[in-house]
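Chemist: With the hints as extra help, turn the sequences into a complete structure.
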Amino acid sequence: MGLLDKLLGRPEKVSVDEYEEIDLSEYEAEITEEAEMLVRVAEVTGLNEVPEIKRQIYEGNIVVADIAFIKHDKLTLDRVLKDLRQLAEDIHGDIVGLGEDYVIITPTGVKIDRSKIRGVR
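In the working numbering, the protein residues as written are 1 to 121.
Don't read these hints as lab results, they were simulated from the structure.
In silico DSS-like links for lysine-lysine, alpha-carbon gap of 27 angstroms or less: (1) Lys82 / Lys111; (2) Lys71 / Lys111; (3) Lys111 / Lys54; (4) Lys116 / Lys71; (5) Lys71 / Lys54; (6) Lys82 / Lys54; (7) Lys54 / Lys74; (8) Lys71 / Lys82; (9) Lys116 / Lys82.
Restraint-style ranges between C-beta atoms, simulated for each label pair: (10) Lys111 / Glu21: 38 to 44 angstroms; (11) Leu24 / Leu47: 44 to 50 angstroms; (12) Glu20 / Glu59: 42 to 48 angstroms; (13) Gln86 / Ile22: 45 to 51 angstroms; (14) Asp113 / Val41: 17 to 23 angstroms; (15) Tyr102 / Glu30: 29 to 35 angstroms; (16) Leu98 / Ser25: 33 to 39 angstroms.
Note that beta-carbon positions come from the ideal geometry of N, C-alpha and C, so glycine has one too.
Modeler: Structural data, given as structure tokens:
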């Protein structure tokens with residue numbers, strides 16, 4: 001590797017001999033029981049989906065709700081978000097927007113950390 005390569009940060013070529021085969025089956029856990037909590041995805045097109053979202057939250061699941069279809073209908077959007085915020089408050093769960101199209105609602109005892117994970121720089 002030349003001086004320019006070091007200064008410009010070009011990666012060194014790695015030979016095939018430097019890689020090691022890893023048997024992934026050693027690291028896989030066998031799952032013999034059902035999960036206690038699921039992450040469910042809901043597509044909200046109106047108020048009709050709210051009862052099922054509530055049922056999923058009451059059952060202890062996390063719901064990622066796609067609100068893209070209703071975000072242009074301010075009345076429906078406000079009503080859905082009000083209902084979901086009230087649910088999260090009543091059960092001591094959490095609710096947070098993820099971008100403009102998604103809302104995450106969590107059940108009792110699950111809080112959403114709003115800080116972003118950053119890599120080491």
